[in-house]
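Chain residues, written in single-letter form:
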Amino acid sequence: AQSVTQLGSHVSVSEGALVLLRCNYSSSVPPYLFWYVQYPNQGLQLLLKYTSAATLVKGINGFEAEFKKSETSFHLTKPSAHMSDAAEYFCAVSPNTDKLIFGTGTRLQVFP
Amino acid sequence: GAGVSQSPSNKVTEKGKDVELRCDPISGHTALYWYRQSLGQGLEFLIYFQGNSAPDKSGLPSDRFSAERTGGSVSTLTIQRTQQEDSAVYLCASSFGTSGAYNEQFFGPGTRLTVL
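If you read the sequences in order, they're chains A and B. For the first sequence, counting from 1, position 12 maps to 12 in my numbering; every step adds exactly one. For the second sequence, counting from 1, position 49 maps to 49 in my numbering; every step adds exactly one.
Derived by calculation from the structure, the hints in this document are not laboratory data. Just so it is clear, CB atoms sit at the ideal spot from N, CA and C, and this is done for glycine as well. Please note that the accuracy of each hint is not assured.
Here are the in silico distance ranges between beta carbons for each label pair [as the list claims (entries may be wrong)]: (1) A:Ser12 to B:Gly51: 26 to 34 Å; (2) A:Ser26 to B:Lys17: 17 to 25 Å; (3) B:Glu68 to A:Ser28: 29 to 37 Å; (4) A:Ala1 to B:Ser53: 21 to 29 Å; (5) A:Arg107 to B:Asn10: 17 to 25 Å.
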């Protein structure tokens, strides 16, 4: 069965610092991989997705993620954190282009 | 255009009561999904509809949970004889649902269910 593991339930960075949120996947077939963001008291919003095209995927708000098959990873990065990036981030995999299987989430805090 | 809407936004009920949660998907979206977000379990898939049929019900946690979709549009998630462990935010999502290609799921704001 496909699954994703997010390392670190909480990540804290200073404003302007690099953001790195880790996600490793388990899949026997090439997966569809996603990062979603959930701002406080709001619904889930798609940040970016990997669907077997380019391995470096650019998303909204300056985020990007790189699919590395050799490491079974899909880590999310942003060069410079902004206060407005504070939110919970979920990595997800889709087995058959339908349902999403989510990781446990990483809460990002950004300090001034 | 309107996004996915869910009602009620909040529901407080007593243990043992039945509850119904409603989801209105984006117009034209054939696929509809229910997920549950709780402190202990994170984000869990519950059920997936393609049109009015549910090809994947694998995430429903017990037979107290059921869902239906009528007219290929609105869906209702029903929880019978609610238990305290059912307390969670229930999220609905919809997508175009074209097979063979990934279609982005758009999420509603959720219904926060509290079982006392």
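Against the structure, the hints come out as follows:
1. The supplied range of 26 to 34 Å is broken by A:Ser12 and B:Gly51, whose beta-carbon atoms lie about 45 Å from each other.
2. Taken as a hint, the range 17 to 25 Å is violated for the pair A:Ser26 and B:Lys17, whose Cβ atoms sit roughly 39 Å apart.
3. One distance hint, 29 to 37 Å for the beta-carbon pair B:Glu68 and A:Ser28, holds here, with the actual separation near 33 Å.
4. The hinted window of 21 to 29 Å between A:Ala1 and B:Ser53 holds, with their beta carbons roughly 23 Å apart.
5. Range check, A:Arg107 to B:Asn10: about 23 Å between beta-carbon atoms, so the 17 to 25 Å window is met.
Going down the numbered hints, you'll see the structure goes against 1, 2, while the others check out.
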